[in-house]
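Visitor: Make the full structure from the sequences, and use the hints.
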Amino acid sequence: MSSEKVIELKELARHFEVGGDLVKALDGVDLDIGRGEYVSLVGPSGSGKTTLFNMIGGLDRPTNGSVYIDGVDISKLDAYELAWLRCRRIGYIFQSFNLIQVLTALENVSLPTVFAGLPRDEGNEKARQLLESVGLGDRINHKPTQLSAGQQQRVAIARALANDPAIILADEPTGNLDLKTGTEIIDLLHKLNRSKGLTLVAATHDLKMIKASDRVVMMRDGRIEKIEKGEAPLNHN
Amino acid sequence: MTQVGHGRVTFSFKDAINLGFSYLRRRRDRSILNIASISLGLSFYTSLILTDMFYQTYATLGGASQSVESTYYWLVIIALIVSVVGITNAMLISVFERVREIGTMKCIGALDQHVLLLFLVEALLQGLVGGLIGYILGVGAALLSTGFTTGFNIILYVQPVRLFTIFAASLGISLILSTVATMYPAYKASKLDPVEALRYEL
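Sequence lines, in order, name chains A and B.
So the first sequence is numbered by this note's numbering: it starts at 1 and just counts up by one.
So the second sequence is numbered by this note's numbering: it starts at 1001 and just counts up by one.
Keep in mind that the hints were calculated from the coordinates and are not lab data.
Check the hints yourself; a few may be wrong.
Unchecked claim - The calculated DSS-like cross-link candidates involving lysine-lysine, where the alpha carbons are at most 30 Å apart (straight line), are:
1) A:Lys24 <-> B:Lys1014
2) A:Lys10 <-> B:Lys1188
3) B:Lys1191 <-> A:Lys24
4) B:Lys1191 <-> A:Lys143
5) A:Lys143 <-> A:Lys180
6) A:Lys208 <-> A:Lys226
7) B:Lys1191 <-> A:Lys76
8) A:Lys143 <-> B:Lys1188
9) A:Lys5 <-> B:Lys1188
To be verified - Okay, the calculated bits of chain A under chain B, using three or more residues with CB under 8 Å as the criterion:
10) 53–60
11) 107–121
12) 209–220
As the list claims (entries may be wrong) - Label pairs and their in silico Cβ distance ranges:
13) B:Arg1025 <-> A:Gly135: 26 to 34 Å
14) A:Asn64 <-> B:Asp1112: 43 to 51 Å
15) B:Ile1081 <-> A:Gln146: 38 to 46 Å
16) B:Gly1007 <-> A:Lys226: 46 to 54 Å
17) B:Gly1007 <-> A:Gly135: 38 to 46 Å
18) A:Gln146 <-> B:Gln1056: 52 to 60 Å
19) A:Lys76 <-> B:Thr1010: 43 to 51 Å
20) B:Leu1061 <-> A:Thr145: 53 to 61 Å
21) B:Ile1032 <-> A:Glu11: 40 to 48 Å
22) B:Leu1033 <-> A:Lys208: 22 to 30 Å
23) A:Lys208 <-> B:Tyr1200: 26 to 34 Å
Cβ coordinates follow ideal geometry from the N, Cα and C atoms, glycine included.
Guide: Given below as structure tokens:
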């Protein structure tokens, strides 16, 4: 595994004002994440995990400090460049899947390729291959409502991979799934992380998921409380 | 060395039509209501203009001279305003229903203007269909209201170019009104903050 840093957070802070009170959602976070690393973010709700995600994805601007993706300070990017970053470099996976309800599995997965400017045929072919690789080759024309929760999350994972991102941000990806389906999703993510060298950052409460990761970052009150090694060997083959 | 900060996301008019069409087809009830709203307003407009035209044609053929009372034109304007308000309302609901989806689209690379384009394209598609149906209904209504006096074949005596002009006008008005009605909802959708949008529970 290379030690090249994909994500660097430097003294990252994000403060909100809620009803006249200052809330420090992030209060000075320093963290480097290497290429191909699998990092779990854990901590009670309100500890800043989601805010941290929003920062890495360029969805929110820091009050202080900076976020570097591939060595580029993303606060220097304009709206177009941020959209490109989200489109091409980062794949999002959400707790509630967030599929577009009116689109089929295939259309959902190919949507990011539309924004990336890929020709329609290529995008559809890519989406079909990805759906096959997550085990949904026979469901490509199903709408989200015709799919089980686990299948929907697989579609969401395929969508996150559509533009070959370097980073996958997963916010409680197993939070809405039963134990068995959740385990399958964790295995799938783990496999992608190892086989494609994807950097995986996942906020989770799921013990299985935490155990599978290289590092576990524990957050509390907008700060990193401690970082522990996960159980997964860093250089396993 | 990296892709960060390079390249541009795209979302063409054609892409917007594809996606917009999926939304209209899947949310059929709302689309039909919107189209009905615009086409009823438009059919009122078309039928009045055509009724007047049929009577004029009838007069040139030697029939008794009649005309449409001018107060009806005020009613047309009111009917069109009502359909605009109805569409604005329906599109606002559509935006609220899709808050999370809009947030998701912004997460996977959509820019504000892409969301704006998507909603405006939906408006244009509805306006197009609404204008077409409105025209057809209008022709029917005008024939019904004049036919018993002038004979239903009166439409054959009207110059085709005049019928076409009214067709073009009703399509144009329909597209404009549908777009105007959707401007505020579309703007609201495009300005949604993805962070807020993804937290949104309906």
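Visitor: Hint by hint, say whether it matches the structure.
Guide: Going through the hints against the structure:
1. This hinted pair does not check out: Lys24 (chain A) and Lys1014 (chain B) have alpha carbons roughly 44 Å apart, beyond 30 Å.
2. A C-alpha spacing of about 34 Å is found between Lys10 (chain A) and Lys1188 (chain B), which places the hinted pair above 30 Å, so the restraint is violated.
3. A C-alpha spacing of about 25 Å is found between Lys1191 (chain B) and Lys24 (chain A), which places the hinted pair at or below 30 Å, so the restraint holds.
4. With a C-alpha separation of about 28 Å, the suggested pairing of Lys1191 (chain B) with Lys143 (chain A) holds against the 30 Å cut-off.
5. With a CA separation close to 23 Å, the supplied pair Lys143 (chain A) and Lys180 (chain A) stays within the 30 Å bound.
6. Restraint check: the Cα-Cα separation between Lys208 (chain A) and Lys226 (chain A) comes to about 19 Å, which is no more than 30 Å; the hinted pair holds.
7. Among the hinted pairs, Lys1191 (chain B) with Lys76 (chain A) is consistent with the structure: their alpha-carbon atoms are about 21 Å apart, no more than 30 Å.
8. Pair hint Lys143 (chain A) plus Lys1188 (chain B) holds up; C-alpha atoms about 27 Å apart against a cutoff of 30 Å.
9. Taking the CA atoms of Lys5 (chain A) and Lys1188 (chain B), the gap is near 38 Å; set against the 30 Å cutoff, the hint is violated.
10. For the segment 53–60 of chain A, the stated coverage by chain B holds: 4 residues have a C-beta nearer than 8 Å to a C-beta of that chain, and at least 3 were required.
11. With a threshold of 8 Å between beta carbons, the proposed coverage of the segment 107–121 of chain A by chain B holds, since 7 of its residues qualify and at least three are required.
12. Evaluation of the coverage hint for the segment 209–220 of chain A: breached, as 0 residues show C-beta separations to chain B shorter than 8 Å, against a requirement of three.
13. Between Arg1025 (chain B) and Gly135 (chain A), the C-beta spacing of about 28 Å keeps the proposed range 26 to 34 Å intact.
14. For the hinted restraint 43 to 51 Å between Asn64 (chain A) and Asp1112 (chain B), the CB-CB distance of approximately 26 Å leaves it violated.
15. For the hinted restraint 38 to 46 Å between Ile1081 (chain B) and Gln146 (chain A), the CB-CB distance of approximately 41 Å keeps it satisfied.
16. Roughly 38 Å separates the CB atoms of Gly1007 (chain B) and Lys226 (chain A), a value that falls outside the hinted 46 to 54 Å.
17. Distance hint check: the CB atoms of Gly1007 (chain B) and Gly135 (chain A) are about 31 Å apart, inconsistent with the given range 38 to 46 Å.
18. The hint said 52 to 60 Å for the Cβ distance between Gln146 (chain A) and Gln1056 (chain B), and at roughly 57 Å that hint holds.
19. Between Lys76 (chain A) and Thr1010 (chain B), the C-beta spacing of about 22 Å breaks the proposed range 43 to 51 Å.
20. Checked against the hint of 53 to 61 Å, the C-beta distance between Leu1061 (chain B) and Thr145 (chain A) comes to roughly 59 Å, which is consistent with it.
21. At about 55 Å, the CB distance of Ile1032 (chain B) to Glu11 (chain A) disagrees with the hint of 40 to 48 Å.
22. The hint said 22 to 30 Å for the Cβ distance between Leu1033 (chain B) and Lys208 (chain A), and at roughly 47 Å that hint is violated.
23. At about 29 Å, the CB distance of Lys208 (chain A) to Tyr1200 (chain B) agrees with the hint of 26 to 34 Å.
Figure legend: structure checked against the earlier numbered hints; hints not met, in rising order: 1, 2, 9, 12, 14, 16, 17, 19, 21 and 22.
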